[in-house]
Structures are given as structure tokens and as C-alpha cells.
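Chemist: Assemble the complex: chain A is given as a structure, and chains B and C must be docked to it using the hints.
Top to bottom, those sequences are chains A, B and C.
Under the working numbering, think of the first position of the first sequence as 1, with each following residue one higher.
Under the working numbering, think of the first position of the second sequence as 1, with each following residue one higher.
Under the working numbering, think of the first position of the third sequence as 1, with each following residue one higher.
Since the hints were made in silico from the structure, they are not lab data.
It is possible that part of the hints are untrue.
Stated by the list, open to error - Computed footprint of chain C on chain B, listed as stretches where at least three residues anywhere in the stretch have a Cβ under 8 angstroms from a Cβ of chain C:
1. 42 to 54
2. 67 to 74
3. 142 to 148
4. 216 to 229
5. 232 to 243
To be verified - With a straight-line cut-off of 16 angstroms between C-alpha atoms, the simulated EDC-like cross-links for lysine to aspartate or glutamate are:
6. A:K262 <-> C:D65
7. A:K262 <-> C:E59
8. A:K94 <-> A:D304
Positions of the beta carbon are idealized from the N, C-alpha and C atoms, including for glycine.
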Amino acid sequence: MKKFMVVGFTAFLSLLLIACSSKPKLYILNWGEYINYDLVSEFEDTYGVTVKWSYADSNELMEQRVVSQTTAYDIVIPSDYMIEKLYTNGYLQKIDLTKLTNYSQDAFMDGVNVIMAEMFKDNEDVTSAYEVSIPYFWGVFGIMYNRSLDGLETYIETKKWQVMFEEDPADTFSRPLLVGMYDVPRFAYSLSMIYANEVELIDDLDALNVASAANLTLSETILSQRQYEEWSTDFLKKNIEAGLLDYAFVYVGDFFDTYLIKSAEATTAQEARDLTSHIGIFVPENTIAFYDGMVIPTNARNVDLAYQFIDFFLDPINAYENSSIVGYTTALTATYEMIQNATYGDEIRAAMVSDYPYNPAISENFAGKPLIAFSNEFTDEIASMVYRVLAAGN
Amino acid sequence: MVWLIILVVFPLLMMILLSFMKTTAMSFTNATFSFESWNKLFTDSAIRTALANSFRYAFLATVIAFFLGYPMAYILAKSPFSNKLVILVLTIIPMWSNSLLRTSALANLLSADSIVNDLLNLIGLSFVWNIRGTGLAIVVGLVITYLPFMILPIYTVLEKMDPLLHEASMDLGSNKAKTFLKVTFPLSLKGVATGIILVFLPSFSGFAIPEILGNSRIIFIGTLVDSSFLFSNYNYGSLLSLVIIILILGSMFLFNKVDKEGETLL
Amino acid sequence: MIKINDLSYIRKTVLFFRKPKVAKVVSFVLNVFKYLFFISVILMLYLPIIIIAIHSLNENRSVYDFTNVTFHWYTDLFSNLINKGELYWVIRNTLLIAFLSTAISTVLGTLFAIGIHSMTKKKRQRMVMLNQIPILNADIVTGISLMLIFKLFMVVFPNIFGLTTMLLAHVFFSIPYVVLSVLPKLSELDVNLFDAALDLGCKPTRGMRKVIIPAISSGIFTGMLIAFTMSIDDFVISYFTTGNGFDNVSIFIYAGYRLNMSPEIYAYNTLLSFTVVFLLIGVYVFGSFKKRRELKIKSNFNRGAV
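Just chain A, same shape as in the assembly (with noise of 0.2 angstroms):
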């Protein structure tokens, strides 16, 4: 055993040597699973670089490794709300737009553009809000649901929000329903809002994003209402499609990927779609929008690279061949077109888009709007008080 050991210890070691290379080094943090690893490996070919990985799988642990400055990241791709409260907390430094040759003012999708016209408004020192982040992936919010419940569909179609935060309708359905909620506390204060807008309890469209001790004890009362089968984050779109969850709140993405997961094995767009005929997505007209973007750090050590790296991923050939590993909407026109017009013959995922075209500017009546940042101590009151809902059910 002792030999063994020391053999192996010796041999890790040497491996470990070896692995050193001399190449320059690009630090990035980002989602696990979140990008085309074929295509890095070109983009580290062709530039002559090797792309360092860091994997977080919450935008809270990713604030504690930037704001910890433990490691110094070129590049980190957090979702809005956490990308201005960096930038708020001046842990990132801005883009000078210039430097990248694939940008252009119309490069994005007009909802892009909206949520973008959303964030940083307040503030005074961004012009654009495009100069601290650089969009990569982006969608709504909506109700993933199983169609095999009679009813269900119409039931959600008409009540939208409020199937979410109200007993289920006597008589309508055979069995009590089963109801899943998205395990972000911020995600379910910032939902109780806009339904409670919606019935009129309080009269402010934006009140997803007021951070009040008024709101936050209405928002206990709302979530309080029902008993939810399930919260959980990433479950909650397999139960939907295994029909163990009648429906659920969660990232229209969660939907898209469940269906390119289940149509893996078809070869066209009419098996894929009979493939996933049990599963449905509905977004209600005012709903949560997000986007998740690549920002510089300000103690990032190369910065010239990272431009790069953005750039290399501005180009709408590589945001295809990136988008289709990645379930979510891809966040330049050109490329959505490109997936829509089935150009490089995806037929099942032209279908799909088709099918489910959930872009908040498309529609006039959708309104969805980005979550800006919260405190931390409001945050974590929301934290506190999700807990309270929960423990009342115990």
C-alpha cells in the first residue's frame, strides 16, 4: 500500500510538471456546461493561448470568488442583477467598445436591446450599458408545464401568474395539482410581485425590483398561499417532463433544453415535435427577463486577450456553433436568424424556435424586465423569509 502510494505520488508529480506550459493564460469564470468547448479549443489554437476554467453554478458563488479576489479573472459571465451590482461595487472595469471588431450597435436582438435600455439607467457614469457587459446568452421567465393533465393547458392559459400562487380550483382537476417553485429566493419575491400586481393587490409594475420591508411581508403572504410540490432549480424542468410536477415558474432555456434533450434522437422536425408534445411553455405578458454577460474584472491580468475571447464569440458563426450546445437564446440577430432560417440545416431546432418564439420584443404585450440588484441584506431577508414559508409547511 505504502508503495503504491509513493509510486503514485511520484508519478502525479511528474504529471504535474509536465502539464506547466509557457503559453499565455486566460482566467475565465463561467457556468458549467455553458459554452462550446470545440470552439475554445480552436480560439486557444488559433490565438495561441491556453483558456483557463472556473465553474460556479450560482451568481452568488460567483460574487464570493470576484469580490474575494482570490483568483484574478479575465473574464466572468454573470446574469444582470449580479453584473451591476459588481460594477456598482466597482469590481469591474468598462469596455472600451472600440476594441472589438464584431460589435456593432445593431448586432443584438431588439430584446437584448431592451433589457440592455433597462439596466444602469439610473446611472450616470455608463452611457451604455453595453461598456460593462457584452450579452452572451438571454430569455424570460415562463410556466413549463405537463400537457397530460386535461385542462391544464387552458387552466394556465388563461390564469397565467396566478396558477402559481393560488389554490388549485375546486373542481376542475381530479387531483390536488402539483406545483414546483423556482429555488432562488429572489426569483420567487420578484414573481410574488408582479402577481400581486397583476390581481391588483398593489399598483406598481415595477415592483419586482422595489426592495421594502411592505412588499417583502406581502410577498410572504403570497408565497404562503398554496403548498409547492418541489422547490429546486434544475429538477423542476426533468419532473415537469417525467410528469412527476404538473407545472412549475422556471427559465424558459430549462424548457428549451428538456426539448433538445428529448428530440436527441430524432432526424425531423415533426419527430422531434412528437417527441415533446407532453411538455408545453407558457410566458405570460409581464414576466422576468435575464441575460447573462461577459465582463472584464478590474484586476484582470490580461486584458488584451479577453477582448479577444469576446470578439472571437461576437462572431455570429461561432455564437451559432456556441449556441448549439447551449440551450439558451442566443443574443445576436444575426445568429438567431441563422438558427430560425435552419441555414446550416438544424431543422429541429428552426422548428423548435418557431414553435416557441419567446423574444420580448416580438410581442408588444410582453414586457419583461431585467432584476436589477438588491443589497445583500435585503437579499438575504428574502432568503430569510422564503425560509420562514417553508418552515411553516414543516
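Modeler: Same frame as chain A, but now just chains B and C:
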């Protein structure tokens, strides 16, 4: 030795300090002294439920693990296998797989429709035990995850036990059951104590298993601690952690006093 | 004279079971139960990784439906490893840290345990309590406190985060487990043996090597196993104490699970577990085969000698 003590004591002191203050995460720039965290501790209803849940389920899991683990260790120790250590290592190999994947696999099994059921249906069988989202699922998950930690220390103690003691007791007229109760078991208590610690502590302060197997519906104290630190409320998080430490160390201390020789936990 | 018929039923049942033939049957049945129990519990422990193995052979990425058997996740995994893709780096990091930290913490932990054992009772109790604290603390507390301490070192070593800090962190949280496993064995140890060795002219280090270590070897082995297990699957502490792109498998899995995580990870987990299982079974079979041969040679020799 000394620097290890520093590594343990320093964070403790930090935590005590933080719990009496109000800081922005770790920066002491705008720090003020405040009893806010303490106030929250006593007013928030979620804590009492969380502590009760953690204690209840960790206790259940430990008891079940004991009644499963002790026989396992005993059978292995007294068996005529030629290389028992090999079999011992076999019990711990499942723990080398990622716990998120393992817990999700269990959650899958304990749902209304599982991949195992799918396969079994192919050969005409079926297995559905839909307890996901309940406390029972959490206990099952805790036991399956931490049972090897109960088996290992008990086996270590039983294996080196002098067989002559057993023989002597039988020779002196005791029967098998009495020998076990009066000779074997008391001598193995140290292993049992270690096993209990290794199973109870992670069950009590963990949060991944309750989250996945309980559908996040049942709150554990670990969930609250984790959430506080994640949302940069280090003050409250430190306070909660201190509470956990005091509770458990306190019970260990009391146990030491009650224990006649005071040697069991050492 | 007391006749059999006068005895109470209880005594009759006891006497019945003491009859040699009946006793044999009973002990056989009990033996069967014993092994059935043992195997069932082992199977129960293996349930999760069997399910993971099923996932790794599933053509479909959906976790609830099994469509076809396929090995292509395994081939994907191998091509990823050979081409030094992301999986290669995280797996290499995980195994490197696991082996190194286990080796270091076992040695240090054993030394500490010996040190603690030789203290006075009061001091010993206090040290044991201190030892339990890292085990007690929620991972995130340990992770953040270690991160803060390592940050202080960043002044002198700006790039310390990564392999070094993760290794230090793993050693730190593994040592208490080693101590916990070794201490009970030390208290069983007969101190006189060590004194006797010293009296017979042994130098203390030699005495330690030849007397103490063998006696507590099973405790050291257990501690080593637990340390390895804790290290190979750690997420929270590793997350906070690493940097500069040195992530391990747990961080990778937690990050990727939300989106469309590739089943190659299931393939990796299955390979890790079952390769070791088969290795161990091989060692066991080979070992018992060797023993039987040795016994045979011995008995032949004895017969021949007569």
C-alpha cells in the same frame, strides 16, 4: 501542532466577533457593533423548526445506521474471510462517487417514476416507492450515504478484540448473548462513539441531502447557515454556526461528565 | 423422578433447540440469514452507484427514461481525457489532491494522535474537543475561514490560490478524521510494550515504527480511507480555497448539473467505483488463492516430514 490550534481557534474567534457586529461580508470598513444577528436568532421562527428538523432526522439516521452498522461490522469481524480489509474497503467505495450524483440517483429511485422502474418494467417487474419530498426519504438518504462511516470504526475495534476474552467468558458459564452484552459490546463502545459522531455530525449540519431528497420543503439548520454566508450575511451565519458548535460540544461535554470513566469519547 | 412430560413448555422448547441435529439446522439457517443480511446491506449501499451506472449506459440524456444501451459516453469520456479537455483537468486535479492530502494528513494525523494521547487527561479532553470543531463546522464556514487565512498569505505569495491552497485546505479538514480514527486504537495499546522496547535498547523512533505503528495500523488504515473519501468528494471547501482555474470534479459537477450536463460524468463515476471494486475482488481472490496454496504446501511439508 501549534499552528493547527491557531487554524482552528482563529476562525472561532472571528466568528464570535462577527456575530456581535454588522459588517458588509468580510470588510470591516463600515462595521458597527450590533445585536441584530442575536435578535434575528431569537425572533425568526424558521430557526427553531430547522434545529428541530436537523436534530430529529440526524438522530433517526444515526440510530438506524447503528442498528445496521454494528451487525455488519460484527459479521465481518467474526467471519472466516481471508482478507477482511478488502471487504471493508468495498463498503466505502460508493462514497467516492460525487454526492450530488448519488443523492440525485436516490431521489430518482424514490420518485413516482424512476429509471429503475423503467428497466424493471422491461422484465415485467415494478418498483415504486414515492417518498420523495418527505422526511423518510431524507432519513433513507442519510443512512445510505453515511452508513460506511458507522461500520468502519466499529469494525476496527471489534477486529482487534482479543478472542480469548470471548472464550474466557463462555468458559466461565456465560451464554453467547450474555457474553456479547457484558463483554464484547462494552469493549467496543469507543468504536461505536466514533461511528455515532461520524454519522450524526454531517447529517446534522448538511444541506445537500435534505434539499434534493426533501424537495427543499424540509429545512435543516445547514440550509440556513449556507444561505446566510452565500448572501454575504457573515454575521448571522457565524452566529448560527456558533450555536451549532455550542449545542454539540455541549452535549459531548455533558456526556463526558455522565460517563463513569470519561474515556468513551477519547 | 421428573418425567419429560412434566416440564414446562419453555423448557421443552429450549431442550428441543439444544438437540444436536436441530441445533445444526438452526445454526445453518442463522448463518444464511447473516450472509443474506450482509449482502443486502452492501447492495443497499451500492444502489446509488448502480443507478449512476445505468445513467452512464443510457442513450438518452433524460434521467427518467431509459432508451438504449450505449457505450458512447465512455468513448466520449476517453477522447476528452486523451485530448486534455476540461474533464481531464478536473479529474487530474481531484485525484492529485486526494492522494497528496491523504498521504500528508494520515502522517500528520497519526503524529497528532500520538501526541494527544500522551497528554494529561484534562488537556487531552480539551484537545479532542478542539479536534471535533472542524468536523462540526458547516463546510461553508470552514471554506470561508480558510479562504480568509490564505488571503493573508497572498501578500507574500500572490498566486498561492490553486493547488497549494486546495491541498492545504484538504489536509486541514482531513487531519481531524485521522485523529478520530487513530486515538481509540492508541488507548487500547499497552504502554508497557513501548517501554519494554525502549528498555531493550530501541531508539524512540525505531520503537515507534516497530511497536506502536503496527499496533494501531488498522486505525491508521481507517483514517486514511476516511481522509481519502472526504477529499475526493468535497465541494464547498474546495470551491472557496481554490483559484486560478484549479477546479475539481465536484465543483465541475455542481456547476454543470443545472444545464445539460453531459453523461460522461456518469461514465467517470462508474469507472472510478467499479474499477476499484473489480481490482479489490481480484486482490481478494488472488490473496485467498495464495493463502490456500501456502496452506497446502505447509500441510504437504508436514506430511512429508512425518
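Chemist: Hint by hint, say whether it matches the structure.
Modeler: We went through each hint and held it up to the structure:
no.: 1; hint: 42 to 54; in the structure: violated (count 0)
no.: 2; hint: 67 to 74; in the structure: holds (count 3)
no.: 3; hint: 142 to 148; in the structure: holds (count 3)
no.: 4; hint: 216 to 229; in the structure: holds (count 4)
no.: 5; hint: 232 to 243; in the structure: holds (count 4)
no.: 6; hint: A:K262 <-> C:D65; in the structure: holds, 10 angstroms
no.: 7; hint: A:K262 <-> C:E59; in the structure: holds, 11 angstroms
no.: 8; hint: A:K94 <-> A:D304; in the structure: holds, 13 angstroms
In this structure, the one hint that does not hold is number 1.
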